[in-house]
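Protein chains: 2
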Amino acid sequence: MKTIVKKFGGTSVGSVQRIEAVAQRLKKDVESGQSPVVVVSAMSGETNRLVQLANEINSKSRGSSYDMLLASGEQVSIALLSMALEKQGLKAIPLLAYQLGIETDSIFSKAKIQSVDAEKLKKYVSEGVIPVVAGFQGVYGDQITTLGRGGSDTTAVALAAALGESECEIYTDVPAVFSADPRLVPKARELTKIGSSEMMEMAALGSKVLHFRCVELAAKFGVKIHLRSTFEEREGTWIVPDEGDDMEAPVVSSITHEAMTSVIKVFPTPVGPGFMATLFGRLAEKGVVIDIITQSFNEEGQRLAFSVHGDDVNEAEEILRSVLPSSEVEISVINNMAKLSAVGVGMRTHSGVAGRFFEVLNQINAQLYLVTTSDIKISAVIEQSHLQEAAQALHKEFGLDQ
Amino acid sequence: MKTIVKKFGGTSVGSVQRIEAVAQRLKKDVESGQSPVVVVSAMSGETNRLVQLANEINSKSRGSSYDMLLASGEQVSIALLSMALEKQGLKAIPLLAYQLGIETDSIFSKAKIQSVDAEKLKKYVSEGVIPVVAGFQGVYGDQITTLGRGGSDTTAVALAAALGESECEIYTDVPAVFSADPRLVPKARELTKIGSSEMMEMAALGSKVLHFRCVELAAKFGVKIHLRSTFEEREGTWIVPDEGDDMEAPVVSSITHEAMTSVIKVFPTPVGPGFMATLFGRLAEKGVVIDIITQSFNEEGQRLAFSVHGDDVNEAEEILRSVLPSSEVEISVINNMAKLSAVGVGMRTHSGVAGRFFEVLNQINAQLYLVTTSDIKISAVIEQSHLQEAAQALHKEFGLDQ
Numbered sequence: 062m063k064t065i066v067k068k069f070g071g072t073s074v075g076s077v078q079r080i081e082a083v084a085q086r087l088k089k090d091v092e093s094g095q096s097p098v099v100v101v102s103a104m105s106g107e108t109n110r111l112v113q114l115a116n117e118i119n120s121k122s123r124g125s126s127y128d129m130l131l132a133s134g135e136q137v138s139i140a141l142l143s144m145a146l147e148k149q150g151l152k153a154i155p156l157l158a159y160q161l162g163i164e165t166d167s168i169f170s171k172a173k174i175q176s177v178d179a180e181k182l183k184k185y186v187s188e189g190v191i192p193v194v195a196g197f198q199g200v201y202g203d204q205i206t207t208l209g210r211g212g213s214d215t216t217a218v219a220l221a222a223a224l225g226e227s228e229c230e231i232y233t234d235v236p237a238v239f240s241a242d243p244r245l246v247p248k249a250r251e252l253t254k255i256g257s258s259e260m261m262e263m264a265a266l267g268s269k270v271l272h273f274r275c276v277e278l279a280a281k282f283g284v285k286i287h288l289r290s291t292f293e294e295r296e297g298t299w300i301v302p303d304e305g306d307d308m309e310a311p312v313v314s315s316i317t318h319e320a321m322t323s324v325i326k327v328f329p330t331p332v333g334p335g336f337m338a339t340l341f342g343r344l345a346e347k348g349v350v351i352d353i354i355t356q357s358f359n360e361e362g363q364r365l366a367f368s369v370h371g372d373d374v375n376e377a378e379e380i381l382r383s384v385l386p387s388s389e390v391e392i393s394v395i396n397n398m399a400k401l402s403a404v405g406v407g408m409r410t411h412s413g414v415a416g417r418f419f420e421v422l423n424q425i426n427a428q429l430y431l432v433t434t435s436d437i438k439i440s441a442v443i444e445q446s447h448l449q450e451a452a453q454a455l456h457k458e459f460g461l462d463q
Numbered sequence: 062m063k064t065i066v067k068k069f070g071g072t073s074v075g076s077v078q079r080i081e082a083v084a085q086r087l088k089k090d091v092e093s094g095q096s097p098v099v100v101v102s103a104m105s106g107e108t109n110r111l112v113q114l115a116n117e118i119n120s121k122s123r124g125s126s127y128d129m130l131l132a133s134g135e136q137v138s139i140a141l142l143s144m145a146l147e148k149q150g151l152k153a154i155p156l157l158a159y160q161l162g163i164e165t166d167s168i169f170s171k172a173k174i175q176s177v178d179a180e181k182l183k184k185y186v187s188e189g190v191i192p193v194v195a196g197f198q199g200v201y202g203d204q205i206t207t208l209g210r211g212g213s214d215t216t217a218v219a220l221a222a223a224l225g226e227s228e229c230e231i232y233t234d235v236p237a238v239f240s241a242d243p244r245l246v247p248k249a250r251e252l253t254k255i256g257s258s259e260m261m262e263m264a265a266l267g268s269k270v271l272h273f274r275c276v277e278l279a280a281k282f283g284v285k286i287h288l289r290s291t292f293e294e295r296e297g298t299w300i301v302p303d304e305g306d307d308m309e310a311p312v313v314s315s316i317t318h319e320a321m322t323s324v325i326k327v328f329p330t331p332v333g334p335g336f337m338a339t340l341f342g343r344l345a346e347k348g349v350v351i352d353i354i355t356q357s358f359n360e361e362g363q364r365l366a367f368s369v370h371g372d373d374v375n376e377a378e379e380i381l382r383s384v385l386p387s388s389e390v391e392i393s394v395i396n397n398m399a400k401l402s403a404v405g406v407g408m409r410t411h412s413g414v415a416g417r418f419f420e421v422l423n424q425i426n427a428q429l430y431l432v433t434t435s436d437i438k439i440s441a442v443i444e445q446s447h448l449q450e451a452a453q454a455l456h457k458e459f460g461l462d463q
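As they're listed, the protein sequences go chains G and E.
For what it's worth, my numbering labels the leading residue of the first sequence as 62, then goes sequentially.
For what it's worth, my numbering labels the leading residue of the second sequence as 62, then goes sequentially.
Isolated chain G (complex conformation) (with noise of 0.2 Å):
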């Protein structure tokens, strides 16, 4: 019997019928020798409906009663799916974080897994039981904490790891992980296997398929993510544990963007660290997260720019205002802008990708806000209005249409 976790996100439980088809492929697997560990999300619209429910009341407390209230979604699937199991013969069992131990910092609507009971998960097993585990939520103390949007995939990494499973299975409702958005890009293909450090650059550049920090900390214990389709019984992509410098790997394997971004210009800045280092803090205590960050500094004095989600662009304007010692520096946001990127492990071991990725925005005139690189990415702020005719070109350029 082999032991593998498993991660329905909201849409594959979504309907009372979804849930009952989850419930029969669960089903199967078990007569197929396997011993599964579920993970579930909120049906889809639940945490929605309910974040709605606590702005309608006061759309700036966060804390503990926002994280109760959002962590009801998943108690309702894994109860419905439980029950939906034992009509299919099996024995489960519904598990709550404070349940099975999921104990995170206190850091709420974002925290971070510390610690699971994988005795009690591994007993469960032994009797023949399915856990099926609440993702998203975990305890600090006697409080309930949430994980943040995508939280449920961190969730099933962490048992697996805590399992000592080298294997995790993601239900989505996407068939595999693309070489591009193929909403945006048509040729876009699925990719069979990934690295991890290049799905990290993904799901950090705006990659919606899987949760940065649930691919972290894949890498980390070393778990391969089968990330898969619950609609289809074909295999998806295979995120995997990087290999060292492969120099068969394509020089770039993705083409990812961030539509909503905007751009925050400050200048004068006042000169020396405590400014930054107050800034940033603040920033980051608020949860607003900066993205491409650039300085330069000439004798009309420091200029500093920095891009955050177009959902942030409010607070972190705010917060720049009310850390500025004086009103003679001048604050410019500028909305609607993408950022684009290019990825690929490839490029640690090829030269001229820059080159190449900036000559296509230039042949398009797209203008340059921000730029960045890695050692395995490329990336742009650009104006909105370019980021399809530009993800198209690139994505041509390096070889990914079919």
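None of these hints come from the bench; they were simulated from the model.
Because the structure is a prediction, the values reported are computed rather than measured.
Treat each hint with caution, since some may be false.
Computed cross-link-like contacts, BS3-like style, restricted to lysine-lysine with a CA-CA straight-line distance of at most 27 Å [what the hints assert, rightly or not]: (1) E:Lys121 <-> G:Lys89; (2) E:Lys171 <-> G:Lys148; (3) E:Lys285 <-> E:Lys183.
Just so you have them, the derived chain E footprint on chain G, three or more residues with Cβ under 8 Å [as the list claims (entries may be wrong)]: (4) 77 to 83; (5) 107 to 115; (6) 228 to 239.
Glycine included, C-beta positions come from ideal geometry on N, C-alpha and C.
Assemble the complex: chain G is given as a structure, and chain E must be docked to it using the hints.
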């Protein structure tokens, strides 16, 4: 600062607007020097929605998964009310059963509270924090249990008892307990005070205002219940521990009815105690509540008749047929019956009440199918078609019309 447990039902927290109104009311209470401990039901409609989801999967599956499912409703409402209280500038903490140590027995869906961690509640109250407690739920070991419909009232009384408080406020969508259902008897009056025994009889006899177990628990621990409207400031009805024989008490304080009743007759039944024990044991196992039972014997054989709620009649009949040894026994089911009762502690010290009761029914030609009495109530099962006329006539006969 006076600590008062205040319970708000599903309609009181049925929308974000109503939750905010409850928070505003609690703020006034705090400003007037009270320290509230709040108990909340699920938002109205939510429990039904969850039951519906469960029934779509498996209408017979009841147990830990089902109770975990239903308990999610209160998790949502306590989180939202806590956020609304914080918005009012108050400190509040939502508390689930496991966080407050509300321990119950192991009877899922009908669990009874065994103990509550009152010290934790007192600590929050002493720190100026309003505990917002999920009603209806408990824990047995590390599993979630629920207390049955109306269980939030029981939670509230249990908290008051554990805190050593002598009062408990139950806010609902009716302003008071009435001398009869105003929809049936237009001249029904609001009662300012009623004894626990009378209230328990009324609950057992079909009055939906308060859960039987809640009143029973209140009587046991000497807790006075103040039942009042969420939507009005004025006082409602006090349900108070019995004060011994009160010569001043009205002979009858209320006329109560249960409209959906069926009568089942069996003839001839097997003689001897074995059959009755088996039958009523089997009915109890399935949760079918038997109400009035009569048995008679003459040379033709033994006759059995009993009443059940209209919802349970099919299951009761099925069980009867499975238990009866031969096909020669005649089972007759009479539907569309109603049970009408007069309740009053004054009956203890006044004679002739039964005579007056039966005479009223006789005058309107209502045939008596089953009759039962206790020291403080008389009940009769009659045809539904006579119910309204009979209720009004009894209300008048016992001086309850204004």
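Practice problem: If any of the earlier hints don't hold here, list their numbers in rising order. | Solution: The structure conflicts with hint 6 only, although it agrees with all the remaining ones.
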